[in-house]
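Residue numbers (this note's numbering), protein chains in the order written: chain A, 11 to 512; chain B, 11 to 512; chain C, 11 to 512; chain D, 11 to 512.
Possibly wrong hints are sitting among the right ones.
Copies of the same chain look alike in the list, so a pair counts if it works inside one copy or between any two.
Claimed, not checked - Once the Cα atoms are required to be at most 30 Å apart in a straight line, the calculated DSS-like pairs of lysine-lysine come out as:
| hint | residue 1 | residue 2 |
| --- | --- | --- |
| 1 | 350 | 274 |
| 2 | 29 | 457 |
| 3 | 42 | 507 |
| 4 | 488 | 350 |
| 5 | 63 | 274 |
| 6 | 488 | 49 |
| 7 | 488 | 29 |
| 8 | 63 | 275 |
| 9 | 275 | 347 |
Calculated from the structure, these hints are not laboratory results.
Spelled out, the chains give:
Protein chains: 4
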Amino acid sequence: MIPRYRKSEIEEIFDDPNKLEEWQATELAGLKAQADLGKIPVQDYTEIWDVLKAAKITPEVIARWLALEHELNHDLNAFVHERREHLRAALRRLFHAIFTSYDTEEPAFARMLRAASLLLLHTVLPPLEEQLVRLARLYRYTPMNGRSHGQEAEMQSFGKRCLTWFVAIQLGVERLREAHDGLRFSKLSGAIGNYTEIDPEIERLALAELGLEPFYGATQIMPREVYLPMAEAVSQLVGTCEKIAHDLRLMARSGLPLVQEPFKKKQTGSSAMPHKKNTIATEKIGGMDRLAIGYGLSIRLNLHTWEERAIEQSSTERVAWPDLFHVAAHALDTLTKVLKGLNVYPDNMLREIINSRGCYASGSAKVFLAEHGQAVGIDEDAAYRIVQLAAFNAFAPSEEDLAMREQPALTLEEADDALAGMVGALEEEEELSPDSIEHVICDARLKISSQLAATPQDVGRWNGQLHLLFAGDDVLVKWREIFQPSYLLRNEPILYKKILGV
Amino acid sequence: MIPRYRKSEIEEIFDDPNKLEEWQATELAGLKAQADLGKIPVQDYTEIWDVLKAAKITPEVIARWLALEHELNHDLNAFVHERREHLRAALRRLFHAIFTSYDTEEPAFARMLRAASLLLLHTVLPPLEEQLVRLARLYRYTPMNGRSHGQEAEMQSFGKRCLTWFVAIQLGVERLREAHDGLRFSKLSGAIGNYTEIDPEIERLALAELGLEPFYGATQIMPREVYLPMAEAVSQLVGTCEKIAHDLRLMARSGLPLVQEPFKKKQTGSSAMPHKKNTIATEKIGGMDRLAIGYGLSIRLNLHTWEERAIEQSSTERVAWPDLFHVAAHALDTLTKVLKGLNVYPDNMLREIINSRGCYASGSAKVFLAEHGQAVGIDEDAAYRIVQLAAFNAFAPSEEDLAMREQPALTLEEADDALAGMVGALEEEEELSPDSIEHVICDARLKISSQLAATPQDVGRWNGQLHLLFAGDDVLVKWREIFQPSYLLRNEPILYKKILGV
Amino acid sequence: MIPRYRKSEIEEIFDDPNKLEEWQATELAGLKAQADLGKIPVQDYTEIWDVLKAAKITPEVIARWLALEHELNHDLNAFVHERREHLRAALRRLFHAIFTSYDTEEPAFARMLRAASLLLLHTVLPPLEEQLVRLARLYRYTPMNGRSHGQEAEMQSFGKRCLTWFVAIQLGVERLREAHDGLRFSKLSGAIGNYTEIDPEIERLALAELGLEPFYGATQIMPREVYLPMAEAVSQLVGTCEKIAHDLRLMARSGLPLVQEPFKKKQTGSSAMPHKKNTIATEKIGGMDRLAIGYGLSIRLNLHTWEERAIEQSSTERVAWPDLFHVAAHALDTLTKVLKGLNVYPDNMLREIINSRGCYASGSAKVFLAEHGQAVGIDEDAAYRIVQLAAFNAFAPSEEDLAMREQPALTLEEADDALAGMVGALEEEEELSPDSIEHVICDARLKISSQLAATPQDVGRWNGQLHLLFAGDDVLVKWREIFQPSYLLRNEPILYKKILGV
Amino acid sequence: MIPRYRKSEIEEIFDDPNKLEEWQATELAGLKAQADLGKIPVQDYTEIWDVLKAAKITPEVIARWLALEHELNHDLNAFVHERREHLRAALRRLFHAIFTSYDTEEPAFARMLRAASLLLLHTVLPPLEEQLVRLARLYRYTPMNGRSHGQEAEMQSFGKRCLTWFVAIQLGVERLREAHDGLRFSKLSGAIGNYTEIDPEIERLALAELGLEPFYGATQIMPREVYLPMAEAVSQLVGTCEKIAHDLRLMARSGLPLVQEPFKKKQTGSSAMPHKKNTIATEKIGGMDRLAIGYGLSIRLNLHTWEERAIEQSSTERVAWPDLFHVAAHALDTLTKVLKGLNVYPDNMLREIINSRGCYASGSAKVFLAEHGQAVGIDEDAAYRIVQLAAFNAFAPSEEDLAMREQPALTLEEADDALAGMVGALEEEEELSPDSIEHVICDARLKISSQLAATPQDVGRWNGQLHLLFAGDDVLVKWREIFQPSYLLRNEPILYKKILGV
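Chain A extracted, bound-state conformation:
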């Protein structure tokens, strides 16, 4: 991975020195098992252990190993040769004597993947979860418009949106944990996995030493089905980050931004346009997701192998696995940083609610009318259509707007004029806060709309019914209540209870 998106802790797991350490750990575990079972002298094992631990994996060792690999065209054999060079003749025979390459590589590989996933689970994910919980709790009573299809839907709290992000991350965390658990298996069962020259008991003991258990039914290698779930779990987490980041981008759209990414004091947004505060961090998370999808696909294609093994999977794994973990860590870290410094604008959330002209309660309004309206002859279908019409009325464009929609400017000069005209109109506007379905309905002010199929008769009848309905004060009081946050968010505590226990 290029430095820009690289995480050093991931790098340290997958780089050559650690790989060789892990290979050596497997070899030593195998020798220990043989010693424990009396297959080789205990003192031979301890001598090998002492010598090799002393012959640390230095840059010189790496260089020697690479030189040998160049000659042998086989990286594991090169490692075996390099290590044997430190041993006296009589002990050389014992090192890697009964293993095949992938007996050494598979446990090492499993341990590296487990380490990388633990890094995510223990180090990278908790701060992200913490930020999501922090935001969920802090904005528990901060109303905002829910949005479906990009349209104002019912009111919710911003805290609740953060909660839904949190549970989505939790789903990924749970999968990653299971994938980590599923990778506790490996193999030390010889050239084609049938223990020709290796006692199954050696495998069991050696793997136990490495914190692993035998997988019965491997070939020369582990079936790639054992690794795939981890790649998919990691990729899912990146996908979830992308979803959250994308929601933040939508919220940060200028006009009436609800949130903004943290922005450094000396940061510049655009080389041409000085005013820009671009959502570059959240967008980058989108890029990470595209990469993760690609790496996940490459790893999925690795299920295909020939018979007891072939080596296509090896090159793919050398590249795609570390890079997948790098982009995952980078996406998660970036999201954490964004959330930590997130600028949240409850004021704009309220402005947006008000601009939605009561539609944030249209569902409750419909239920209210269907229930209370029965007495005055409003059935379920009419309730729906009344609220729909009221919404269309509340958003009905002015004559001037309609004119502009019907005849756009024909020249640049007309465009100048239109802009000046609109500035003037805004300055002279009388109605300061916008109309609302709340008032259209309780005032029985429905009008026909060219966009809906309601007839003048329908509208007349409905207005009559509404007039009747809202004659009573208590109905009006109840009506007004359903447009209040205290009504609309009243059931959110159950979510906090169930998810956060608070």
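With chain A fixed as given, assemble chains B, C and D onto it according to the hints.
Using the frame of chain A, we list chains B, C and D on its own:
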């Protein structure tokens, strides 16, 4: 493809009756070539032609063919048997005598793909292009905020945005045309492609009869590299539709929608929320893209074949190719329909421009200050920072807003109060049209901002310089000009000229 | 899915009648929950139940529903309208009154996916597992060459290879089971998932009625992270089928086929080449995998949604999920059928072993020499190189072969001669069974090889050591043993024990 | 890309120093255009040119640039700052004055991609094509079995197979050339692509200086549709390499290898099994393909951008493009190396032909019988079935084989016995060269087969007809001819002529 996303014209190209017609066309072309070259009697060819043309591909024929396939486990052989049943014994020998299955199938397949791509090129794409051109021309002088990173960028016309969509589609059209052209090659070169029992001249003549040319270097089948570019061209077109559709969704976000999808009078947006006008058509195009990406991948995987052939590619192609064309046609048709009925709101585009507080000209403002400011000591860097600061000033939140940002509501009741308070505040607002960097700068009203690194000294110096700069009337006049559509869009005609020739 | 790859039981789960049944089940469960909680009269619920159960989902109902959908542009609303038409006015209000569309759709969708996965788990997978176990047990003592990199590796039993296939399938079964379990969650929490008009207790009871549990933290829809693991589990199973099928194809290569797909008596392999017995079923499984990878990708892309919901995911899911299950079922069924009728050739497996000239025991030979050779000065490295050289010697080409390799035929006539010459040579060959490293080594017949770096001195020394080593009879006896199946397969029972318990 | 698969020439194109050089080239071209058009003083331009060319992109400059980027969070702005630091105050203003970041980045990016594709076209691909042509010509008269479905198909020359590989590569080369040509477009049209502060003539001149042309209709960035075809062309080339490499792996399967990868003298194949000559290079090419597919997908996903731009595409492109070129170069180079050192075994190809028992000519045999057999009553259908039966007869297993197939060994001891028995049987075999359909048919030795539906009556009749047919000497002579390379390959010269012109 399920009926919902199926296009009957695509269906008719890929369904069994047409496939058998195409197979027969290849066989007959091969016989004609043999007759022309004197390899078989001309009257034998004409008799076969007459008989088989008379034995139309009816549902009964299809049924017989399927029954034979069930027995022979080979669909092309079943077809050969079925057709031979119509011929007298002496002629049977000639039918498919020197061909291998894929000699028959490849030209037929190429012709089907060519037909499907021509359908897109001649029938599906032109109405889409027409709509894009219509919108580009109609809204040529309708100013809107360009947006990068979701943030207001410089002003452009809505027509110009449509132009950029149009050229993106054109890129796909061009690719599809090239892919169609690249599929003019096929093969009739026998079992493994080395003409063991077939004269290359037969291949040449037969393919010419089918509107095709020989591909030299096939195996038993055509290399799948010949087909791949068409899948990628079709997929790209869906991707471009998705980009356009997604832009429309962003424009249609409620609050200040700039466009809206056409909405039928009886259409309902949501079963729960009657007010909704959801962007379901453009979102569906996004779904089509996800499918197209999947089909494209399956077809890419088909490059892998064994030696002179294996048949993995066959099942993939039976499914992925028609489905790819169906989703492409559906995405293109849907986008055309959306654009045709698109509700465009130039009034809201102006509102958005005004709300962006002059930042729609921040780039020009920076250039202006860097140029004209030299005299008063404003260099390039200062010009950038002045405009940036002015923008931050123009968008500086009020005290009340800041308070709300620092301390969100702690209870639902506080949330109710905050909402009511904001409604009240809106009703009492004095400044009706928002401030603008235009005025902040020419009035020398820069203030320090907690979000930027400018010092009080910087701000003082800059205000002094600006005061000096805008003392002269003509500078002010020029300054004001750069905030006009007539200035900002003045170079767009070059695009119309180059792209549409108007 | 096209008929050719369609499974009727899958079709029945995902087709319209069942979808509407499932939607109705959700609605009725919601009403029952409301009745149980006293929110609506019990008799209203029972009347609705009676009426709607009586109004079966006939083709006429489907037609009416489709007509309404055409009008409303909303399939769930159309369903609600259609169902309400059967109810008397007073009850209509109650049906779907407090739900949003996806309250109805999500539990139905989860149940359909669960049903499809159970179909795989209970109906499709067991016969496949049965066949794999049958083959594993039947060929427990049938030796074959293991193969890595396509090269003869150590000997194993064919039964053991089947065991490894079995455990790979088991890994997929386990994942699918977990995915089924993970899909026990759904939602009935209203328009944006915060229970505005729905009591969480209603959700709990209604879902319980449907065999599901509430997912706390949904938006208007379930996070797509809940569904993804099932797609990935299904796709993995297809990938494993492909691996097995591909191994079968490799085994079935003509020359010395080890297995062959079942072939019907009237089946034809090729329209041009009558002798062909093509591996069309296993190849088709490869095609299914390419499709499954594509569908899996489309579903992965569905993680991206806007805010509380958008509907890109819907169209993708309508197509990709059923098609994924169809291709999975078809791949699994096809593999089962192939395995059931598989022609297995233990005789050819033995021929292949013999042709591998003792190399099937080269690993054991190396270990043997390293261990027993110590006394005569053969160390680990020498043991490796001796066996390597012996293998190269055993496969050394004849003079005639070398000549042909150095100078290929220059004309077609020379090619004719070469073929005739080789036929003659084969007829005159004296050595009938090929040489073997077993004999090269114990006879001390090592020769230098142009392909390896061993010097004449090395070879001389090694032959001397080997001569010494094999002087003793008991060493020779032990040496011969390691080339026997009884030695090489002696540890396989542990695998049978651990995996099958036999 | 990790060092193992990295190509230094690709690295040099995409690394930071060259990127900054390319950015500077764009800036200087822009200034030159302005000078040429009289927008800035020529001497200012030349001074900037001199100063910046003198301020070479050294490691110190890179370090300074990275430090600035850290501060500004914007890599292009950091570059602009760094470069300006070398200029005197009056000139700073001019550098990047009228550009937006992507005005600088797009032409640079296009040039880097063009350079990378030219590297493939001019340096990497020609040696590969040369090897393929070399092999095609060298083995023009070397017969081998064509294979479809892994089964022996008709005879062809190995040279012809190499030709088919060559044309597949040619298809990719052609696509890459077109993609390179298609990337000759770029943009210098300002912040949102409508030339607000930039004269279209500046764009035209500056791009011409860079060897590029204006793309009319860009936004702030180029539409990603412009780049995609190159990624797909590169990916296709890797896919074609994979196909060739996979064919080589199939040919190299031990038993009767037709080719082998070059193998170094000190190379080791397996740490456990010394005899192994593994196909590691060709397998690695398979791994490269899996990576390329992943990168291609990531780049395809980049079609999705927001409005005039968003930056998801940037991070993906920083990683996926260079890595795609690295794996492509590595796959191509590796394949070239394999082909250059390929060990080809014409002798084994002949053995395989002979082992296929005449079936290599079964298509011609069928045509022969259908044609010459008319006289004795053999029609097309009978001709097919006779050849099919003859093939099944020629491959009919012995009694001993059948017994072994019916009852596999029941113990390891039986397995030992079976192996010993087979060795014995091979040593006593009387028929040295296998039977052939050539002889079965002309000797009229057809027998019924349990695997085919032919009746004893069929077989009797056919043998009678064959007896009659082959009574005449000249028919027999002609019959024998069709089994000769000189007959079966007689039309291959047309391919050499058409493809190589020789």
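Results of checking the hints against the structure:
Taking the shortest alpha-carbon separations for residue 350 and residue 274, only the intra-copy value of 13 Å comes in at or below 30 Å, while the best inter-copy value is 44 Å. Taking CA atoms no more than 30 Å apart as the test, residue 29 paired with residue 457 passes in neither setting, with 74 Å inside one copy and 39 Å between copies. Proximity of residue 42 to residue 507 under the C-alpha cut-off of 30 Å is restricted to the inter-copy arrangement: shortest distance 26 Å between copies versus 51 Å within a copy. Taking CA atoms no more than 30 Å apart as the test, residue 488 paired with residue 350 passes in neither setting, with 40 Å inside one copy and 44 Å between copies.
In this homomeric assembly, residue 63 and residue 274 never come within 30 Å of each other (Cα to Cα): the closest approach is 47 Å inside a single copy and 32 Å across copies. When the C-alpha separation of residue 488 and residue 49 is checked against a cutoff of 30 Å, the pair qualifies only between copies, where the shortest distance is 19 Å, while the shortest distance within a copy is 85 Å. For a Cα distance limit of 30 Å, the shortest separation of residue 488 from residue 29 qualifies neither inside one copy, at 69 Å, nor across copies, at 38 Å. For a Cα distance limit of 30 Å, the shortest separation of residue 63 from residue 275 qualifies neither inside one copy, at 50 Å, nor across copies, at 32 Å.
When the C-alpha separation of residue 275 and residue 347 is checked against a cutoff of 30 Å, the pair qualifies only within one copy, where the shortest distance is 16 Å, while the shortest distance between copies is 46 Å.
Hint check: violations occur at hints 2, 4, 5, 7 and 8; the rest are consistent with the structure.
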